[in-house]
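Model the full structure from these sequences, guided by the hints.
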Amino acid sequence: MFRFGNPSAFYWLWAAVVLVVAYVYVSVHIDKKLKKSINSRLLPYLTLSTSLVRKRIKFVLQILVIVGFVFALARPQLGTGTREIKSEGTQLMLMVDVSTSMLTQDLRSSRLEFAKKELMRLVDSLGGDKIGLVAFAGSAGLLAPMTNDKSAVKMLIEGLDTQSVTTQGTAFEAGLKVAWDAFKRNQNDKEESVATRVVVIASDGEDNEPGALKVAEEMSGEGIKIFALGFGTPEGGPIPFENGYKRDRSGSEVMSKFTPDALRRLAETGGGSFYHVTFDNDAIAQMKADIGKLQKSQFDSLMQTEYAERFQTLLLVAIVLALVELSLGERRQGIKVWRGRFGGTA
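For what it's worth, numbering that gives the first Met the number 0 labels the leading residue of the sequence shown as 0, then goes sequentially.
It is possible that part of the hints are untrue.
[Unchecked claim] Straight-line distance between alpha carbons at most 16 Å, and here's what the computed EDC-like set of lysine to aspartate or glutamate pairs gives:
hint, residue 1, residue 2
1, 153, 117
2, 153, 112
3, 153, 123
4, 176, 217
5, 287, 117
6, 183, 221
7, 116, 160
8, 54, 30
9, 256, 205
10, 54, 324
11, 116, 172
12, 57, 324
13, 149, 117
14, 183, 160
15, 116, 281
16, 256, 221
17, 213, 267
18, 287, 123
19, 176, 117
20, 149, 123
21, 213, 172
22, 176, 221
These are computed hints drawn from the structure, not numbers from a lab.
Rendered as structure tokens:
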């Protein structure tokens, strides 16, 4: 199998095209001017010392040098064999809280914005892991099924907001059920169905619905680990709403405080760990290290063709042609040209 490692280099071939067009234009233009300004009988004698054939050979060599360098820059590669590449990692479902309490700005920015940055950093650090994304509040939705496309997952994380789901609140149960269902749909074979599966919950911990612990226990029974990332401060802050802050029925501002108890219980029930994410620690790195200790899943293997570089020959040919072009003169050899009373040899 043959391919080019850097096919974009072929854009430089336009330089050769421009050179050919310029050469033809200049040659025709000069020829017309000479014929117009010099007597047609004298013209052959005035150009006798210049070899038209040599000039054309030099030009052809210049074009070949450019083409040779361009093809070398394009890195021609020849297939030398194939090898099997096995992808290993963990099936990791990110479950992100997009309730209005996550808009509380007690982490320099909102909890949600801080969580998004930390989760994108987590995605960047993952190796062969498959990743999915669930957004939840009072309801939940699967935004990305299990995939190796980390760029797509990051784009979806970046776009998360309180409009990502239809109902407000904080229902861990709904999010866990959607994540669980996504794992079930991804069970392509027996080995992958029993492989390590992890749910990472990112939330401020304000669970308003019962039933989540029971779901977590059932998921743990099927080997699904639950890790939890907590965002917010114990002091908390008001929740931004329209042109001010969210208020209760009495007109008082609603204060949202970080309550880790629900997250901690979910992580313990799910066989994972709880981490409070702050500016002073690297909870993401710690969680990644803990997940890394779990057994890795073997995903689909693929056959990869190995290629050997073959640009060296083209580069050598281009250099040799360049040296030949430089050493080749345009004057005729052995032609006697009249130089006045002290004539000489051209």
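Regarding the pair residue 149 and residue 117, is the alpha-carbon distance no greater than 16 Å? 14 Å, holds
Hinted pair, alpha-carbon criterion (16 Å max): residue 183, residue 160. Please report holds or violated. With a Cα-Cα distance of about 27 Å, the restraint between residue 183 and residue 160 is violated, given a limit of 16 Å.
Pair hint residue 287 and residue 117, alpha-carbon separation not exceeding 16 Å: Given that 16 Å is the threshold and the Cα spacing comes to 12 Å, the pair holds.
Check whether the Cα positions of residue 183 and residue 221 lie no farther apart than 16 Å. 11 Å, holds
Within 16 Å, alpha carbon to alpha carbon, are residue 116 and residue 160? 13 Å, holds
Could you grab the alpha-carbon distance between residue 153 and residue 123 and see if it respects the 16 Å cut-off? Distance of about 9 Å is within 16 Å: holds.
Would the hint linking residue 149 and residue 123 be met if the CA-CA limit is 16 Å? 8 Å, holds
Taking only the CA atoms, is the gap from residue 176 to residue 117 under or equal to 16 Å? 24 Å, violated
Is the hinted pair residue 54 and residue 324 satisfied, with a Cα-Cα distance of at most 16 Å? Holds, because 10 Å separates the two Cα atoms, which is no more than 16 Å.
Would the hint linking residue 153 and residue 112 be met if the CA-CA limit is 16 Å? 13 Å, holds
Can the restraint linking residue 116 and residue 281 be considered satisfied, given a maximum Cα separation of 16 Å? 13 Å, holds
16 Å Cα cutoff - pair residue 176, residue 221: 13 Å, holds
Checked against the numbered hints listed earlier, the structure breaks hints 11, 14, 16 and 19; every other hint is satisfied.
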